[in-house]
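Chemist: Full structure from sequences and hints, please.
Protein sequence lines, in the order shown, are assigned to chains Y and L. For what it's worth, numbering that gives the first Met the number 0 labels the leading residue of the first sequence as 0, then goes sequentially. For what it's worth, numbering that gives the first Met the number 0 labels the leading residue of the second sequence as 0, then goes sequentially.
It is worth saying that the hints were derived from the structure and are not from the lab. Treat the hints with care, since some could be wrong.
So the derived list for chain Y, only partly shown, Cβ under 10 angstroms to chain L, looks like this [what the hints assert, rightly or not]:
| no. | residue |
| --- | --- |
| 1 | 124 |
| 2 | 128 |
| 3 | 131 |
| 4 | 139 |
| 5 | 140 |
| 6 | 174 |
FRET-style restraints, in silico, Cβ to Cβ [what the hints assert, rightly or not]:
| no. | chain 1 | residue 1 | chain 2 | residue 2 | range |
| --- | --- | --- | --- | --- | --- |
| 7 | L | 131 | Y | 54 | 51 to 57 angstroms |
| 8 | Y | 70 | L | 131 | 53 to 59 angstroms |
| 9 | L | 243 | Y | 63 | 51 to 57 angstroms |
| 10 | L | 297 | Y | 70 | 15 to 21 angstroms |
| 11 | Y | 221 | L | 228 | 57 to 63 angstroms |
Derived DSS-like pairs (lysine-lysine); straight-line CA-CA distance at most 25 angstroms [what the hints assert, rightly or not]:
| no. | chain 1 | residue 1 | chain 2 | residue 2 |
| --- | --- | --- | --- | --- |
| 12 | Y | 130 | L | 78 |
| 13 | L | 232 | L | 327 |
| 14 | Y | 58 | Y | 130 |
| 15 | L | 95 | L | 108 |
| 16 | L | 72 | Y | 130 |
| 17 | L | 95 | L | 78 |
| 18 | L | 224 | L | 241 |
| 19 | L | 241 | L | 229 |
| 20 | Y | 130 | L | 241 |
| 21 | L | 216 | Y | 130 |
| 22 | L | 268 | L | 301 |
| 23 | L | 216 | L | 232 |
Here a beta-carbon is modelled for each residue, glycine too, at the ideal position from N, C-alpha and C.
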Amino acid sequence: MEYLWEGIQRAIVLIISLDSEVCRTVLLSLRISLTATLLASLVGVPVGFLISAHEFTFKRPVITLFNTLLSIPTVVVGLFLYSLLSKRGPLGPLDLLFTPPVMVIGQFILAIPIITALTISAIQMVDPRVKWTAMTLGAGPVRTALTVLSEARFALTGAVIAGFGRVIAEVGTAMMVGGNIKGYTRVMTTAIALETSKGEFAFALSLGFILLMVALSVNILFHYFQGKRG
Amino acid sequence: MASLLELRDITKSYNNTQVLAITHLVIKQGAVYGIMGPNGAGKSTLLSILAFLISPTSGNLQWEGMDVNTLNKDVLRRKVTLIHQNPYLFDATVRKNIVYGLKGRRIPKKKRDETLHECLELVGLSGFEERRARELSGGEIQRVAIARALALDPQVLLLDEPIANVDWHGIEQLETILKDLNEHAQITIIVATHDVNQVHRLSDEVIYLFDGRIAAKPPLENLFKGRIVKKDKDLFLFDTGKLQVALPRERDSVSRIAIPPEDIIVSHKPISTSARNSFAGAIAQVTDEGDLVSLIVDIGEKLRVRITKRSFQEMHLNLGSPVYVTFKSSSIETF
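Modeler: What follows is the structure, given as structure tokens:
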């Protein structure tokens, strides 16, 4: 059990001393996952809203599809991107494999179903009177839609947080298309996997501890802004 | 008075079930209309069509002599505002709720604030600007919703049963506000209500709705469709699908019954009388009608009951109170 305690101590030292290696890894993790979450929200929230707010022939199957994609394994997304981007793949000439942008793409693919599916259910939960009220107060279609989204803001923030939670914690895609290159594509989760396999439990634990704190702080931050807007 | 809205052969159907069929109706500029009718008669549907929130399935709707299909609905909606029976306030402050429509109309901030204060004062809620909508009581929500609609200075104000669950004082206030608006601002007002007295106090003209159609006479209350399911020696049992009611042996075939709300006794405990019909239920709605109080008691079917205000107060009745309702089979009208 000693190494647990050692890991926490080491984590504190690493954080206080602002260890450059750790800082770089943490910042890269945040940059990639936040970018992916932001992009996925920009697509997922409007798509979820459109699916939820309109009646069309294949509505049920489409919703089921997004719900199914929620459980898509991260390594499958990694594998899919890898096969597209490897030297022999159709997008091989782009030379994107093992770069941060392709990690963003991978996490974007992972976050889209969560954010879309949770947006669909968030919009479905909105009181139908919101739409009628906005309309009778003279709001046009765009403002009515924005009002419905605003009334669902708590659930929507939850959707975005859930998306972020999935991508910051995933290791499969980051490992397969990022390649865990030190100082370039090494993020917290891949670093933890590597350090553990090297037998560096204490260092791995300290990174795990930091990952936990980062995830918690981002959540707290989200909730803070949510409170402010409300 | 000039014709503002004109409906010709308007129908509205949901899933092939027709809920509204209006042959001809003219709404004149500056008049006050009352719409009366039992639950499900089509009052709310008619109001939603008049508010341009839903489109009729067929027929011709005109605004100032122009077919509304040729006009921009977004523009029309800014001239007509509907206050829902159970209004929704956005999850924000009272201020944001009230200025919502004004912002959409690009009214400058200074004017918005003036209107906000004026309208809150009008409904007796001065100082409520920064209160959060979620913290308001039912009566306050209704008043904010009214203020929010009045702030827009609409040409037509539609109210869907605005007095359910509001106390008598609130109703008096509301009626004064509506009369004032109509007289001074020439606003056309259309109120759907159950309250016979209110409808006559307020309206220049009463529209009776029954089964989605305009009727010439006041419709019957507590009207239920169904059939006789059991014939005993001295009684027939009439089944509405949700409720079984004992009828006197008068007619062999009955397809509708009406139970006069004044002939129903309300009690806390089951009472033993000669009356054949007694049901347990809970009060689902309370409407103050001056000397009388009109209750909706949910006994499977929603039954309207009218009792004196005095008995209402003496019995300490409230929304949700469990009660028994009792009525004689001979008081039931059959068709």
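Chemist: Please go over all the hints and tell whether each is borne out by the structure.
Modeler: Cross-check of the supplied hints:
Interface hint at residue 124 of chain Y: violated, since its Cβ lies 13 angstroms from the closest Cβ of chain L, which is beyond the 10 angstroms cut-off. Look at residue 128 of chain Y: its Cβ gets to within about 4 angstroms of chain L, closer than 10 angstroms, so that hint holds up. Checking residue 131 of chain Y against chain L: minimum C-beta separation of about 6 angstroms stays under 10 angstroms; hint holds. Among the interface hints, the one on residue 139 of chain Y holds; its C-beta lies about 5 angstroms from the nearest C-beta in chain L, closer than the 10 angstroms criterion.
A hinted interface residue such as residue 140 of chain Y counts as satisfied when its beta carbon comes closer than 10 angstroms to some beta carbon of chain L; here the least separation is about 8 angstroms, so the hint holds. With a least beta-carbon distance of about 42 angstroms to chain L, the hint placing residue 174 of chain Y at the interface is violated under the 10 angstroms criterion. For residue 131 of chain L and residue 54 of chain Y, the hinted distance range of 51 to 57 angstroms is not satisfied, since their beta carbons lie about 33 angstroms from each other. With their beta carbons about 38 angstroms apart, residue 70 of chain Y and residue 131 of chain L fall outside the hinted range of 53 to 59 angstroms.
The hint said 51 to 57 angstroms for the Cβ distance between residue 243 of chain L and residue 63 of chain Y, and at roughly 42 angstroms that hint is violated. A C-beta distance of roughly 43 angstroms is found between residue 297 of chain L and residue 70 of chain Y, which places it outside the suggested range of 15 to 21 angstroms. About 59 angstroms separates the C-beta atoms of residue 221 of chain Y and residue 228 of chain L, a value consistent with the hinted range of 57 to 63 angstroms. Simply put, residue 130 of chain Y and residue 78 of chain L have alpha-carbon atoms about 18 angstroms apart, close enough for the 25 angstroms limit, and the pair holds.
About 17 angstroms separates the Cα atoms of residue 232 of chain L and residue 327 of chain L, which keeps this hinted pair within 25 angstroms; it holds. The suggested pairing of residue 58 of chain Y with residue 130 of chain Y holds, with an alpha-carbon distance near 20 angstroms, which does not exceed 25 angstroms. Note on residue 95 of chain L and residue 108 of chain L: the hinted pairing holds, with a Cα-Cα distance of about 12 angstroms set against a maximum of 25 angstroms. Note on residue 72 of chain L and residue 130 of chain Y: the hinted pairing holds, with a Cα-Cα distance of about 15 angstroms set against a maximum of 25 angstroms.
For the hint linking residue 95 of chain L to residue 78 of chain L, the alpha-carbon distance of about 20 angstroms falls within 25 angstroms, and the restraint holds. Between the alpha carbons of residue 224 of chain L and residue 241 of chain L the distance comes to roughly 10 angstroms, so the proposed pair stays at or under 25 angstroms and holds. Distance check on the hinted pair: residue 241 of chain L and residue 229 of chain L sit about 15 angstroms apart at the alpha-carbon level, within 25 angstroms; holds. Taking the CA atoms of residue 130 of chain Y and residue 241 of chain L, the gap is about 32 angstroms. The hint is violated against a cut of 25 angstroms.
Under the criterion of a C-alpha separation no larger than 25 angstroms, the hint pairing residue 216 of chain L with residue 130 of chain Y is inconsistent with the structure, at around 35 angstroms. At most 25 angstroms may separate the alpha-carbon atoms for a hinted pair to count; residue 268 of chain L and residue 301 of chain L meet this at roughly 19 angstroms. With a C-alpha separation of about 36 angstroms, the suggested pair residue 216 of chain L and residue 232 of chain L falls outside the 25 angstroms cut-off, and the hint is violated.
The earlier numbered hints that this structure contradicts are 1, 6, 7, 8, 9, 10, 20, 21, 23.
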